[in-house]
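A.B. asks: The primary structure of each chain is shown beneath.
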Amino acid sequence: MIQAEHLRKTYGRTTILDDVSLELGAGEGLTLLGANGTGKTTLLRIVATLLRPTSGSLRVAGIDAAREPEAVRSTIGMVGHGSWVYEDLTALENLRFWAVMGGHDAPEARLRDALKEVELDGVAEQRARTFSSGMKRRLTLARVLLGRARVLLLDEPYTGLDRTGRKWLGEFLLGFKARGGALVMATHSFDAGVGIADRVAILSAGRVVLDRPAAELGREDLHRLYDDLAGAPGASS
Amino acid sequence: MSTYARRAWMILWKDVLTERRSKESLNALVFFSLLLLFIFQFALGPDRARVEAALPGLLWLGFILAGLLGLGRTFLIERENECWEGLVLTPGDKSAIYLGKLAGNVLVMAVVEAALLVLFAVFFGLDFTAALPQLAIVLTLGTLGLSALGTLFGAIAAQVRARELLFPVLLLPAVVPVLLGSVSATQTVLLGQPLGEAAPWLKLLAAADLIYLVVGILTFEFVLEG
Chain A
269 MIQAEHLRKT
279 YGRTTILDDV
289 SLELGAGEGL
299 TLLGANGTGK
309 TTLLRIVATL
319 LRPTSGSLRV
329 AGIDAAREPE
339 AVRSTIGMVG
349 HGSWVYEDLT
359 ALENLRFWAV
369 MGGHDAPEAR
379 LRDALKEVEL
389 DGVAEQRART
399 FSSGMKRRLT
409 LARVLLGRAR
419 VLLLDEPYTG
429 LDRTGRKWLG
439 EFLLGFKARG
449 GALVMATHSF
459 DAGVGIADRV
469 AILSAGRVVL
479 DRPAAELGRE
489 DLHRLYDDLA
499 GAPGASS
Chain B
5 MSTYARRAWM
15 ILWKDVLTER
25 RSKESLNALV
35 FFSLLLLFIF
45 QFALGPDRAR
55 VEAALPGLLW
65 LGFILAGLLG
75 LGRTFLIERE
85 NECWEGLVLT
95 PGDKSAIYLG
105 KLAGNVLVMA
115 VVEAALLVLF
125 AVFFGLDFTA
135 ALPQLAIVLT
145 LGTLGLSALG
155 TLFGAIAAQV
165 RARELLFPVL
175 LLPAVVPVLL
185 GSVSATQTVL
195 LGQPLGEAAP
205 WLKLLAAADL
215 IYLVVGILTF
225 EFVLEG
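Note that the protein sequences, when read in sequence, are chains A and B.
One rule links them: number in this note's numbering = place in the first sequence (from 1) + 268.
One rule links them: number in this note's numbering = place in the second sequence (from 1) + 4.
No wet-lab data here; the hints were simulated from the structure.
All figures in this text were calculated on a predicted structure; none of them were measured in a lab.
The beta carbon of each residue, even a glycine, is placed where N, CA and C say it ideally should be.
Among the hints, erroneous ones may be present.
[Claimed, not checked] Per the computed footprint, the stretches of chain A lying under chain B, defined by three or more beta-carbons under 8 Å from a beta-carbon of chain B, are:
1. 313-322
2. 370-384
[Unchecked claim] Away from chain B, derived, C-beta distances all over 10 Å, residues of chain A:
3. Asp389
4. Glu393
5. Asp479
[Said to hold, decoys possible] Restraint ranges, calculated between C-beta atoms of paired labels, are given here:
6. B/Pro198 - A/Ala334: 53 to 59 Å
7. A/Gly280 - B/Leu130: 56 to 62 Å
8. A/Thr322 - B/Leu214: 38 to 44 Å
9. B/Leu222 - A/Glu387: 54 to 60 Å
10. A/Gly305 - B/Leu222: 43 to 49 Å
11. B/Ala58 - A/Thr398: 45 to 51 Å
12. A/Gly463 - B/Leu214: 55 to 61 Å
13. B/Leu222 - A/Gly428: 37 to 43 Å
14. B/Ala32 - A/Gly305: 37 to 43 Å
15. B/Leu169 - A/Gly280: 21 to 27 Å
16. B/Lys207 - A/Asp389: 55 to 61 Å
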């Protein structure tokens, strides 16, 4: 589903990503770990076609991202740092807006179902301005629920979620994989991230320094490897 | 309705709803118009002949200053919560977003222009009723050109830190043909002459509108992607 080969991203003389290659099949989940500033978000943004790599090639769902970014976009769902929530629209209006913009207009009943799924049905008519950051995160997930993504890209998706929300998200992601979707998640939340992953990759200074099946890594191993490999933030110059 | 039209409509619906609830732009623009009128009245005094001679220029000065404030803010809402990122990832032709934003800006400008006309009539004791149909044609053409460029440059300015400085620097020189055509055609209309007298200016306005609109539609995707 995702084939990245020798991806490199530089800004001037600063290298953010250096020779990153990844391959992810349908029904697989990859968790990206790494200290702050090691290139996790940049990698996700490149896969999402929000950034162009300086060099290297990328195919998503068999489509060349450099040649047909628009086609790639119709296959991906994204939960980034921003919630994409309009503060003066209600939860329901926000969902309707993104459903139409995403080209998958849904009847109101389906929008309400999505809100119910993330336990926001009680505040469907309330403006998002009154929501906590956790509620906005749930609204973001409801938006993803409505889409027809085959590839999910998640950047710290557990941020702001309470215990119930984290449990729900974990189950949703496992269900997404079971339906044949592929997902890449950047997180600092080891337990939650590894729980849904088939593979774990650690980034350090823009390079993939470890890429292993999650089943091979015990909790203790992973923490030890992370401490040894993840390193300090920073790009190499 | 096609997907393209639905997307454009959705952008307009969202912007109008947001403005109706927050009233951020309209309240500020109407208050700004009121201040402008006070300044004009102090500057021109009670001499009716002076007011009438300067009126077309004053009207468009008011519109363009309000436009600089209003149009420059068009895309700031998309910066909040990274909604911009969502718009970039929206599949399909991005010019639908441009047209939706443009329609919203034309609406806001129309409300501000109507408010300014009423304020001019009240402050200077003027009666626009006889000239209103012809004036509406000139205002529509002028507003379309101003908004078409303002929407595009608003999207460019929203991506830089010095946006308040960059926006007028981009907009004002480029909008000169619209201002020339609008002020001249407005003068003809307010002098009570037939609209046909202003035909060359109206043609200039229509041509400028068309060019700005086509440029906006063709280039918006590149602007949005940064």
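A.B. asks: Look at each hint and say if it fits the structure.
C.D. replies: Now the hints, each set against the structure:
Chain B is given as covering the segment 313-322 of chain A, and this holds because 3 residues of the stretch bring a CB closer than 8 Å to a CB of that chain, at least three being needed. Counting residues of the segment 370-384 of chain A whose C-beta sits closer than 8 Å to any C-beta of chain B gives 3, which meets the bar of three, so the coverage hint holds. Here A/Asp389 stays apart from chain B, with its beta-carbon at least about 21 Å from theirs, past the 10 Å limit. For A/Glu393, the requirement that its beta carbon stay farther than 10 Å from each beta carbon of chain B is met, with the minimum near 13 Å.
Here A/Asp479 stays apart from chain B, with its beta-carbon at least about 26 Å from theirs, past the 10 Å limit. Taking the beta carbon of each, B/Pro198 and A/Ala334 are about 58 Å apart, inside 53 to 59 Å as hinted. Checked against the hint of 56 to 62 Å, the C-beta distance between A/Gly280 and B/Leu130 comes to roughly 58 Å, which is consistent with it. The supplied range of 38 to 44 Å is met by A/Thr322 and B/Leu214, whose beta-carbon atoms lie about 39 Å from each other.
A C-beta distance of roughly 44 Å is found between B/Leu222 and A/Glu387, which places it outside the suggested range of 54 to 60 Å. In this structure the supplied range 43 to 49 Å is violated for A/Gly305 paired with B/Leu222, their Cβ-Cβ distance being about 38 Å. Between B/Ala58 and A/Thr398 the beta carbon distance is about 48 Å. The supplied range of 45 to 51 Å therefore holds. Between A/Gly463 and B/Leu214, the C-beta spacing of about 58 Å keeps the proposed range 55 to 61 Å intact.
The hint said 37 to 43 Å for the Cβ distance between B/Leu222 and A/Gly428, and at roughly 40 Å that hint holds. Between B/Ala32 and A/Gly305 the C-beta distance comes to about 39 Å, which sits within the given range of 37 to 43 Å. For the pair B/Leu169 and A/Gly280, the supplied restraint of 21 to 27 Å holds, since their beta-carbon distance comes to about 25 Å. The hinted range of 55 to 61 Å is satisfied by B/Lys207 and A/Asp389, whose Cβ atoms lie roughly 56 Å apart.
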